[in-house]
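K.L.:
Here's the letter readout for the chains.
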Amino acid sequence: SQQGEEDPQALSIQEGENATMNCSYKTSINNLQWYRQNSGRGLVHLILIRSNEREKHSGRLRVTLDTSKKSSSLLITASRAADTASYFCATVRNSGGSNYKLTFGKGTLLTVNP
Amino acid sequence: GAVVSQHPSWVICKSGTSVKIECRSLDFQATTMFWYRQFPKQSLMLMATSNEGSKATYEQGVEKDKFLINHASLTLSTLTVTSAHPEDSSFYICSARKRQPYSNQPQHFGDGTRLSIL
Chain A
288 SQQGEEDPQA LSIQEGENAT MNCSYKTSIN NLQWYRQNSG RGLVHLILIR
338 SNEREKHSGR LRVTLDTSKK SSSLLITASR AADTASYFCA TVRNSGGSNY
388 KLTFGKGTLL TVNP
Chain B
-7 GAVVSQHPSW VICKSGTSVK IECRSLDFQA TTMFWYRQFP KQSLMLMATS
43 NEGSKATYEQ GVEKDKFLIN HASLTLSTLT VTSAHPEDSS FYICSARKRQ
93 PYSNQPQHFG DGTRLSIL
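Sequence lines, in order, name chains A and B. 306 is the number that our numbering gives to position 19 of the first sequence; each next residue is one higher, with no gaps. 64 is the number that our numbering gives to position 72 of the second sequence; each next residue is one higher, with no gaps.
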């Protein structure tokens, strides 16, 4: 079953605007990761936030994590047309051993219009 | 660094054919590789976890005799879809994780293989 649930499912904005995507999950986690997928391609890792962290930045990306609400948000500032892609959150539960499987949410399709 | 190469990127073949997909970590050693399946406009579903030198661990509902996984070296895992049928048509993606520490490590993904069975 899906651990993460992103909302919105689709988001369309104008270039220069900010885009915010949210992710909720159900069980306790080791860390939460955000990935980007361009159409027909593999996933690119964007940012990883550990369960004991509350906020993390990377360039135009800002991720927050609220473990009490079991939710995370990804903010992309000053969006560009090249940011158009699907964005997935993925959680890592400590499932024991060394596997640490990723469980993906359903994703948010972001369209940035020029 | 952390480049994962997946080959082929696109396969079209007749029903009943077996298809092999390769996943290579080009600039790092990957003790563990993962195989996912993705349907159009949907999320990634983990099929199996591939560990170098041991048998793969399959997720519930995934037929191990249908999807054969071999992880013979620290840089190569293969997924063979045996006797493929149209319902096996999908986008298959592999990922690899660097060696220890296991926690708090991102996965590095290949570009996927689009499999179309006629």
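If you are wondering where the hints come from, they were derived from the structure by calculation, not from laboratory data. Treat the hints with caution; some may be incorrect.
To be verified - Across the chosen pairs, the derived CB separations fall in these ranges:
#, chain 1, residue 1, chain 2, residue 2, range
1, A, Thr354, B, Ile4, 41 to 47 Å
2, B, Gly8, A, Ser326, 29 to 35 Å
3, B, Ser(-3), A, Arg367, 25 to 31 Å
4, B, Gln21, A, Ala297, 35 to 41 Å
5, B, Asp19, A, Gly346, 21 to 27 Å
6, B, Ser108, A, Gln296, 24 to 30 Å
Unchecked claim - To give an idea of the interface, some chain A residues facing chain B are shown, with a C-beta separation under 7 Å as derived from the structure:
#, residue
7, Arg328
8, Gly329
9, Leu335
10, Ser338
11, Ala368
12, Phe391
Beta carbons are placed, not taken as given, at the ideal position from N, Cα and C, and that holds for glycine.
K.L.:
Against this structure, judge whether each hint is valid.
P.N.:
Do the hints match the structure? See the list:
no.: 1; hint: Thr354(A) to Ile4(B): 41 to 47 Å; verdict: holds, 46 Å
no.: 2; hint: Gly8(B) to Ser326(A): 29 to 35 Å; verdict: holds, 30 Å
no.: 3; hint: Ser(-3)(B) to Arg367(A): 25 to 31 Å; verdict: holds, 28 Å
no.: 4; hint: Gln21(B) to Ala297(A): 35 to 41 Å; verdict: holds, 39 Å
no.: 5; hint: Asp19(B) to Gly346(A): 21 to 27 Å; verdict: holds, 23 Å
no.: 6; hint: Ser108(B) to Gln296(A): 24 to 30 Å; verdict: holds, 26 Å
no.: 7; hint: Arg328; verdict: holds, 5 Å
no.: 8; hint: Gly329; verdict: holds, 4 Å
no.: 9; hint: Leu335; verdict: holds, 6 Å
no.: 10; hint: Ser338; verdict: violated, 10 Å
no.: 11; hint: Ala368; verdict: violated, 21 Å
no.: 12; hint: Phe391; verdict: holds, 5 Å
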